[in-house]
Amino acid sequence: MIKFEEAERGLETDLEGGGQQRLRKLWNSVRHPPMVIQRMLKNPVSLTGIILVLMFVAIAILAPVLAPPVRPDQPYRIPRDGYLAEPKPPSAEHRFGTTEGQYDIYYGVIWGTRTAFRVGVLITIATIIIGLLVGTTAGYFGGWIDEGLMRVVEIFMGFPFLLAAITLAAVLGSSPRFDRITTGMIALIVFGWTTYARLLRGDILSVKERDYVMAARTLGASHGRIMMRHVIPNSIFPTLVVASMDIGSYVLNFAALSFLGLGAEPGYADWGQLISFARNWMPRLADYWYILVYPGAAILLFVLGWNLIGDAFRDILDPKLARSRR
Amino acid sequence: MIAYVIRRLLILPIIIFGVTILIFAMMSFLSPGQRASLYVAAIPRGAGQMDEIIEKYGLDDPIYVQYFRWLNGVLHGDLGFSKIGKASVLDTIKRYIPASFELAMWSAIPLVWIGIQLGVISALNHNKMIDQVLRVFAIIGWSFPTFVFGLLVLMIFYAKLQWFPAGRLSDWASQAVLSPAFTQYTRMNTIDSLLNLRLDIFWDALRHLILPVITLSYVQWALILRVTRSSMLEVLRADYVTTARSKGLAEGVVIDKHAKPNALIPVATVSGLVMIWMMSGVVITETVFNIHGLGWWVATSASQLDVISVLGFSLFYAILVVCGNLVVDVMYAYLDPRVRLE
Chain E
13 MIKFEEAERG LETDLEGGGQ QRLRKLWNSV RHPPMVIQRM LKNPVSLTGI ILVLMFVAIA
73 ILAPVLAPPV RPDQPYRIPR DGYLAEPKPP SAEHRFGTTE GQYDIYYGVI WGTRTAFRVG
133 VLITIATIII GLLVGTTAGY FGGWIDEGLM RVVEIFMGFP FLLAAITLAA VLGSSPRFDR
193 ITTGMIALIV FGWTTYARLL RGDILSVKER DYVMAARTLG ASHGRIMMRH VIPNSIFPTL
253 VVASMDIGSY VLNFAALSFL GLGAEPGYAD WGQLISFARN WMPRLADYWY ILVYPGAAIL
313 LFVLGWNLIG DAFRDILDPK LARSRR
Chain W
-18 MIAYVIRRLL ILPIIIFGVT ILIFAMMSFL SPGQRASLYV AAIPRGAGQM DEIIEKYGLD
42 DPIYVQYFRW LNGVLHGDLG FSKIGKASVL DTIKRYIPAS FELAMWSAIP LVWIGIQLGV
102 ISALNHNKMI DQVLRVFAII GWSFPTFVFG LLVLMIFYAK LQWFPAGRLS DWASQAVLSP
162 AFTQYTRMNT IDSLLNLRLD IFWDALRHLI LPVITLSYVQ WALILRVTRS SMLEVLRADY
222 VTTARSKGLA EGVVIDKHAK PNALIPVATV SGLVMIWMMS GVVITETVFN IHGLGWWVAT
282 SASQLDVISV LGFSLFYAIL VVCGNLVVDV MYAYLDPRVR LE
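Taken in order, these protein sequences are the chains called E and W. Position one of the first sequence corresponds to residue 13 (the numbering used here), numbered consecutively onward. Position one of the second sequence corresponds to residue -18 (the numbering used here), numbered consecutively onward.
Don't read these hints as lab results, they were simulated from the structure. It should be emphasised that the depicted structure is a prediction, and the values quoted were computed from it without experimental measurement. Certain hints may be false.
Unchecked claim - With a cut-off of at most 27 Å between alpha-carbon atoms, the simulated DSS-like pairs for lysine-lysine come out as follows:
1) W:Lys241 - W:Lys37
2) W:Lys75 - W:Lys64
3) W:Lys241 - W:Lys228
4) W:Lys64 - E:Lys100
5) W:Lys109 - E:Lys54
6) W:Lys238 - W:Lys109
Said to hold, decoys possible - Where chain W lies over chain E, by a calculated footprint (3+ residues, C-beta under 8 Å):
7) 77 to 91
8) 101 to 111
9) 147 to 153
10) 172 to 179
11) 184 to 190
12) 256 to 268
Even glycine gets a Cβ: it sits at the ideal position worked out from N, Cα and C.
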């Protein structure tokens, strides 16, 4: 999947050296969260996004009520109703029907929400932390450290994101050391952090020559202190807020891995994994639409929710568009 | 700029060297036994045979020895053997390129063209109803997992309505293509059929391409639309546009002659990047539509743990990406004199 933000923001900075302005704007809005939230609630687009995400949060929390697990010790195993190969349409017993092998789709969609949040949040946090460490180190110290780290970033970026994740997931998946979910997540983390490292480095570079950083340095503050007290709060926090909206795109990519058989194993409550069953029933998919439509709608709405919020965020924080609004 | 290009070309081998290390590091996660099974077509039954293979290929040697041996092979064009392609990895890549390139090429046309049109419309109607509708439309496309969208259009147009078929060609057409009367110049069906003056085959190939092309481009429209829109908004406020308007030029002329050419500079760059990314987008699309191209081959190899193939393709692709990025950078600097490459 395209790393949307990078292409776009790279251009922004190229076009008008707008980094500084963007940062100030971002920072002001983050410092006054009520204003941002107010604006997001007023805009129908971002409001839709917020409602969608809250809906999924509710489903995830209420999963044990909505779909009581048959075996409470293994709630993520989708219960099976026999082993019959042919999928069965929605009925009173199976609200969304069953896949091949009689996995209950309703159960999988409900508990898949928890999987989605777990996968999305963990990957986002991990990639941001790695990006943060690499980006701040490169940006703050500069010189050959910067040069070296940025070459490493370029090497990782030499692979297209999804393809790299597929490769690593395939390699890791062939050894029994990790379970499949972990494998998929590791693959996405290892190749996901580079965008943040680059963006954060740029943010740091724009802040570190400011007077107050110089002042702190003159006062003899340590690197760590300058970083924690002055550079990080003033530069990268806004980027982090925007990056946190990438949960949706990670869930999307994880679903793609599962679809290819490299994410969750068959029978695990995961949306992409449920849809992978649809591949085997291609010519008659019109009859077996429920294998695709229910989990597909879940992924689409989940990702859409996050993207709508993220888009509104960027719009509020984008200096170019803000100028035209005045 | 020439200095920049030279510097980047000098860095290129370093990056590619780094990529090979990364690839090999991934491979070292496999046990010697697993790697041995990658070298042979069928896993040998005898107990001692596996050890023999491990011995023969030096799979127990220190990791750096193995790395240099592998690198030596790669430098001599030996990327290993693909089980799915039933040929060497290099030959398999060569065989599958045309199908993927054809798909990417046909997708790029509607993607870039429609993306730009929609972006311009969006910018000219800034914050009006049509702008909002187009943006939501693009965000939905951007939120659609490729495989869900692909399966959905297959379900509707192939399984239900039977308007479009799956695969690359109908049976009769693939027989005609393979017959001696038909010369395969490029192995891209749409182009070969035109060169052979076989319009029926061209039409058949095109019909097979429509659904994958829609899938591959819809999920990426958002990017082109957004970049065009924000670049166009920026340009429309520039002084030279105001000047053109105050000269009394017609609004259509202002937009077509003054605004658009400048607004499209960043779009050209992004389109270049999208083309590169598209080769990665084909992985899912080809799998869903059962088009036997590079993407299908890689996905199948990955799911059958044919790691040699996946790594071989990654290396090929990494070189493509690094070179492609350089071309895009240079193109950007060429189109926009304000950009200085250093």
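Q: Against the earlier hints, flag every one the structure doesn't satisfy and list their numbers going up.
A: Violated hints (numbers, rising): 1, 4, 7, 8, 9; every other hint is consistent with the structure.
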